[in-house]
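Here are the chains, one letter per residue:
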Amino acid sequence: MPYNCIVLAKQVPDTKNITGQAMKDDGTVNRAALPAIFNPEDLNALEMALEIRDRFGGKVTVITMGPPAACELLRESLYLGADDVVLLTDRRFAAADTLATSYALSCAIRKAGKFDIILGGRQAIDGDTAQVGPQSAEKLGLNQVTYVEKVRDIRDGKIEIERTIDGGSEVVRAPLPLLLTVTGTANEPRPFRTKRLLQYRSFTCAAEIMGKVRKQIEAEGKTPTDPDIAARAKPLIDAATAEGRLLKVWDADAIAAEADKIGGRGSPTKVKKIESIVLKGSDLAWIEPNEEGVKALVKELVEEHIIG
Amino acid sequence: MISKNSVMVFIEQDDGHIADVSLELICRGRELADRLNVTLSAVVPAQRSQEIVARCIAHGCDEVHVAEDARLKHYRTLPFARVVSAAIRKAQPQIVLFGATVVGRDLAPRIASELKAGLTADCTDLQIGNHTEAGGAKEYKDLLYQIRPAFGGNIIATIVCPETRPQMATVREGVMKMTPADPKRQGKVLPIEAALRDEDFVLEILHRERKDKSVNLKAANIVVSGGAGVGSKESFKLLFDFAHMVGGVVGASRSAVDSGFIGKDHQVGQTGTTVRPKLYFACGISGAVQHRAGMQESAKIVAINTDKDAPIFGIAHYGIVGDLNRVIPMLMKAYKSK
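Line order of the protein sequences matches chains A and B.
Quick note: to get our numbering, add 793 to the position in the first sequence (first position is 1).
Quick note: to get our numbering, add 528 to the position in the second sequence (first position is 1).
In isolation and in its complexed conformation, chain A is listed as follows (with noise of 0.2 Å):
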């Protein structure tokens, strides 16, 4: 029997390899210069999708909010092997916490028509929230199992899943349709299909174009206008369209969102202050790397009772 998964899916600054240049001069991260990638348990979460669709058949639907340029995310589904994508993208839905972020996603998941599961990745790298895959499924009155290790077969409209608990695992048993976060230890993400790479490598958006087209004027040393990034963007549009390379783009209105749920105005936590960790000046003493000076650091920590 085949079954339907949604996957829900984050472009994330790579905050795991941060090095010396994505630091500034005052220390704090210089998010520009971080690339921009597929949230690793999203991937996972993927993998667990397209492992479903691979043993009982059915479809694989990405969504993604985020600006314009997620759309390599959806295209980087595409090479996997996801079956449709669809790109959340509205600057309404700019500066959303993970409450206002999984009332937009609900809305979409209703939008995307019917499913039986819905897949994320634990969490993301840049919030590490594990926030909104369980919120998502309150929005959507589904049941959740988070922390999923494996799927380990479906049956009479039941998953049986393992999945990890505090200090050990468990082996769960529930009711189709319900929501899974996955974790990055669930399975190994296939590569990209050559084929589909090249299938889908020029699939784009109306603003994605767009912002490509702005980069490009300034890149020229001009400043840009609205009406000169419309004219150079349009026959670039119109061929995109012609050759059917435009992906599935919905806004807040087509997904038919309440104005004051999704954005800053649904979100109801704000950032006061954002402090960039600065190593602490700590009263440093330096040990000489030879025998009296390790004896007289252990002599020390023996005097003030620190060892015994």
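Take every hint as true, because none was put in to throw you off.
Just a few of them, taken from the derived set where beta-carbon distance is under 10 Å, the chain A residues facing chain B: (1) Thr808; (2) Thr891; (3) Asp921; (4) Thr922; (5) Thr974; (6) Ile1067.
Hints were generated in silico from the structure; no laboratory data involved.
No residue lacks a Cβ here, since even glycine has one placed at the ideal position from N, Cα and C.
Use these hints to put chain B onto chain A, whose structure you have.
For chain B alone, coordinates are given in the frame of chain A:
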């Protein structure tokens, strides 16, 4: 009579055993409640609650909201969410705290979504303070400052929820100090009226396995930790020997764990255990923010590294620039002849 506006703590238990983080939150919650001059309450969904309730009160709770049901022996999302949100609706606390455990991170967002409340994940500190809206249009008194690392641990963010109640947060295990229990303390027990339904129990637990961690990092007075610089599983033996000699335990950085030198139970840092021992040896650990976040509260830090510019020296009290394979034997020799 239920006190409104309290500070409430979700008590995580499994088969009657309370999670450490819940007791840590009661201790911190007590301080917040005193600062706000309100009651501290706990919410306990459990199979049997008597002992749990007694411990909550001894650690500082004034009121304990209890739902007893044989089906609440182990955590499951739907019934626990129903019970806890019923307690919140009834008691209307201004703050609700959860441990940032697998259970807390499964449950808290579910409830926050239902109540349309703000929730901050994985806090490492909680404070009470005022807040002025950007532009100064509106002033808020005594909000909960929810303080947490973000962006891979490279920044510390302070989050507030000015308009919505309750203000909710999950808090990392081990970051709040546990204060001693006082068995003479008195408190009230209040039943939660939550009608659990059969459909709340559609998820069946077929099998469950829990084992205690092979090492108790949190309880150790001395932690000897190794990083990528240790170089191999074999070389970690030196750290075990040294730790054994000084009565400590062995910790590790994420890269040592990821390289397979040592098991994940030993990991110290943002994704591992947070420790605050009397003495912390950082051996061959460069000191990524994620690691520092889990050990910088140690009373004394000794760093051994071949790179004198390693960030770990920025928070160390004693720095030794050298090869740990030479320095640790020297330390052992000096300790033996102390």
